[in-house]
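Participant: So the chains spell out like this:
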Amino acid sequence: MKLVVDNALGASPLAGAWEKLLNHTGMGTSSSALLLIGAAGSLILFGLTKAIESASLMRWTDTGRTMVNQLGQAVLARVIRRSVIFHSRTPVGDLMNRIASDTWCVYRMVDSLGFALLQAACVITMMLWLMLQLNPKLAFIALITAPLTVSVSFLVGKPLHVAARKRREIESSIQAHLQQAITGISVVQAFGQEARELMRLRQNAEEMIRAQQKTALLTNLNTLGSGLVTTIGAGVVLWFGSHQVLAGSLSIGSLLVFLVYLTALQAQTRAIAEAYSNFRTSGANADRVCEMLDAPLEITAPANAPKLGETQGHVVMENVSFSYLPDQPVLKDISLEAKPGQTIALVGSTGAGKSTLVHLIPRFFDPTGGCVCIDGHDLRNVEVESVRRQISLVLQEPFLFPISVADNIALAKPGAARAEIEEAARIANADEYIRRLPDGYDTVIGERGNTLSGGERQRLSIARAVLRNAPILILDEPTSALDASTEHSLFEALDRLKAQRTTFIIAHRLSTVRQADCILVLKGGQIAERGQHEELMQRNGIYAQLQIGQTGKTEATK
Amino acid sequence: MSAPQTTRRYSMWYLARWVASHAVHRWHVLLVVLSAMLFKVALNVVKPWPMVLLVDHILQNRPLPQWAQNFLNLLPGEPTQTGLIGWAVGGTAIVFLLGWAAGLAEAYYGILLGQRMVNEVAAELFTRLQQMSLRYHTSRSVADSIRRITGDSTCVSAIFRGALLPALTSLVSIGLMCAIMVQINLTLTLLSLAVVPIMMLAFRRYSAPMMDLSYRQSEMDTAVFKVTERTLTAMPIIQGYNREADTEKEFSQTSQESLAVALQLTRVQMHFKIVVGLATAIGTAAILWHGGKLGLAGQFSVGSIILFLSYLSSLYSPIEALMYMSSALQSATGSAQRVLEVLHTQRDVDNRAGAVTLGKVQGAFEIENVTFGYDPARPVLRDVTLKVAPGETIAFVGPTGAGKSTLVGLIPRFFDPTSGAVKLDGRDLRDVKLDSLRSSLSIVLQEPFLFPLTVAENIAYGRPHASLAEIEAAAKAASAHEFITRLPEGYHTRIGERGTTLSVGQRQRLSIARALLKDAPILIFDEPTSALDAETERALVAALGPLTHGRTTFIIAHRLSTIRQANRIVFVEQGRILESGTHEELLAADGSYARFHRLQFATPDGLQKDSSSAGA
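From first to last, the protein sequence lines stand for chains A and B.
So the first sequence is numbered by the numbering used here: it starts at 339 and just counts up by one.
So the second sequence is numbered by the numbering used here: it starts at 4 and just counts up by one.
Quick caveat, the hints were computed from the structure, so don't treat them as lab data.
There are no misleading hints in this set.
Below, simulated SDA-like cross-link-like pairs (lysine to any residue); rule was C-alpha separation at most 25 Å, straight line:
#1 K229/B x Q408/A
#2 K252/B x R403/A
#3 K751/A x S255/B
#4 K252/B x D400/A
#5 K388/A x A211/B
#6 K296/B x F384/A
#7 K552/A x A161/B
#8 K276/B x T404/A
#9 K388/A x V271/B
#10 K475/A x G86/B
#11 K670/A x G879/A
#12 K645/A x K252/B
#13 K479/B x G862/A
#14 K50/B x E612/A
#15 K496/A x A624/A
#16 K276/B x T387/A
#17 K252/B x A412/A
Assemble the whole structure, with the sequences as input and the hints as a guide.
Facilitator: This is the structure we're talking about:
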């Protein structure tokens, strides 16, 4: 705030010094001492203004950027609590933009609206006051144009906002496109589509130019409006002023000072117009940020919902149905019970809804009908975090982070001791290869985990689940990327782990599900068969068919 | 794994030339922008004259200089006082309007010019990144690459429009102002120019630290992006393991670090500005004093002082601008370094001089003593040698991490061997034009990556102009037709980003269809069916059988049922080929493959039966 006042001060006494100077020269009766004072005064004032300006700039850089960071954090906090469905539909590039770029709107808005406007307001008030002192009549003439300036700004405000929004959307889609193309670079290269991807970038970029030009045009219209109006004002003042001077009712010095003030006034009205443009432009970013902040969370618990303590891992689903799109049910009326320590295997063809079903347990999303309970608590009535704390996950994709191997495993249990981490790795059959890595457990995994093979990555994610040591274990095709021998040794380890835990396992290789306490065969989102391996084999239904399909070849060749 | 590092320092001179090279061939737009800018300079010269006319000659009734009198005589209307006031007032308005028009032209065409340049650099970056090998991409974050393309590329415009062009017009303006001021008063002019050396010194002093800090600033801002990206791509794990709060903390820490650098940069920039500002303030004060004295002595009219002060600000503002510009320039150069780093990275997979276009491909491969490591110190493949006859189907089997995917990755030249050579039809792959090599391959990769396009567009990715009938045929062969028709809009359903609204098995089948539609003489399947259930897989394998006839096929699979029909099975372990032969041969040899095969069907109740039946 000091900045504002001082800038205004800087402008006005400087003008004051001029006034003296000019009056004196005009009348030709003064000493050079006054001149010296004028010159030295302007120098001191300059030094003061700069010092305060710098101090406040530092503060503002600090405060402003902190505001941006906090807003970014708030958006991130919101976004990472959205359901997995939301994430499967929203491009990562777009979200990244909202979190890391659009949040700068708060900086720009405060900068333009807060500071620029306040500064302008102070200077304008001061100028007006001085002008009224000097010559009320001229001041009123100068003022006539003020409302016009404001109305011009408001006229272009809306289109400017729309244009800026459009521009952001294009930027965002460029980001999303690049994110895709670079993540899928192997496909792009393998299919020789580099030129096409480049063309898409170029098209987007061309569109971007048009959007930018449009904003520039509107911004310039805005400054033209205000500039023109103030220039006309100045012209009118000049006209009347000169006549007054000629008539002898005004000194030349006064007219000049008046004009200096008027120029300062003009500069400030333009500053206001620009601040308004900036404000409307950042408004587009603000929209995108607010969209995220205001969107309701899909996964919530009622206020002061109880925490789920240490559970037995008794999972019950009652008449659960679920659909991503209104009339396309993925799960229909599913009921099941997993007693503590039981292993439930889910079997069925691709797309039958197996993954969707197990994703309901950690509340990655909620069922559209029916309910899921752990130890008798409907998941929707207990704290979300406490539900997830009951669960260890091994998913189809291992999701490794570019941090050390040890930290990747410890993701499941922050602050875990090195010994615990190594123990978990041993159980997951990962210890051996980790020790062969350049820095062992401290090896930082290459971005996207690509320097490890699929199996190696998956074993790290199994180690995570081991370390988590939760009463419920979800294995979503954990071994589809592993070879038979690794899978075999892994299942030995997992067997130990499964013993005390309620386990849900999805697997295509039926050899891995035979010992399950209950096998559920899913078909078209419904449970088609359920029972143990022998029962199902005897029934000679879908499961038996699948089983024969997989091992039957060997039997057939017999 | 360290990415190829290039020297990070480019001289200011080099950057200026690089940027200018992107502008000169758009000379017509450049011309418009330049003339608009120069026009504005000219207007600055004219700007104070109506005032001088008003003050000195109308209000104080001094005689006009001869040239001005002549000029006024040309104007219509009576040379009365009122008429002259009218002209003076009108002149001010006209000068403003012209200034505005020039400003608009400058902004409008400036954007066109600047953004075209940015787009060109972005396209160059993207092209280069697309050319880089997978080895390069695996060691780099996607977010970093994106930032360089979308963010750092704007540096060309920032440097050109923000520094080079203004520098040019500033120089013209300074020259012009000096010339005019010398006409008015020599001493005052020299006085006002005395500050220039101080500014130059300040520039030299602060230039290097500003450049360094702004480079770090770009890096830090990118770090924030990286954190965001890796969080967003791993949502199930973040949520499943309750890592939301930690993620926020990480984000906040990274942005705090970025803030610290920003503050350092601001401080240095500010010091610089203060020095420059102080110099101009001293100059103005000196002139005020000296000019005032002259005025008192009656050697100077009020109008002249107004004129001089107006010119002084027209002189100092470009000088100051020139100086501040350099601080803005410093941040742009930080980005420029990051852009040039990529553009100057040696292409690691490139056409050799004299590379030829592949003609009709027979499909005979010779892999000769190939050794390869993403990190040369940690070889993934060691001295691998393999001969493949045209039309053969080779299956690679072996434990996870044995190097199978890496081995087949050498065929499309996703990377080149560290030593040894891969030859196709007797010709080293490095002597073949890259695009002609890749267009003769169809690949299904381990990760079934799909684009956010429609299903049909995804299948036709390698052959954009395929007809819908061809697309459907490919989908049918890949057992994908059935589920595609059940999608909301069938073949025209758009796939959500990362393809997550489809199951992994569905994605795999789409990527198989994509490879089949490409219809190339060489096929590579890297675990194409790992996520499929047995039934779907069997149907698919049966459908693929006839398609591999007459084509050299490489397949990696864990499920041995998938590969039994291969002409030859190659067992890979720890980057070496241990055994090769047909299924029966290898079982008879009772080595690693046979052990592997037994394990596959090992179940508590089935171990005996399966292994005995397999051995039969």
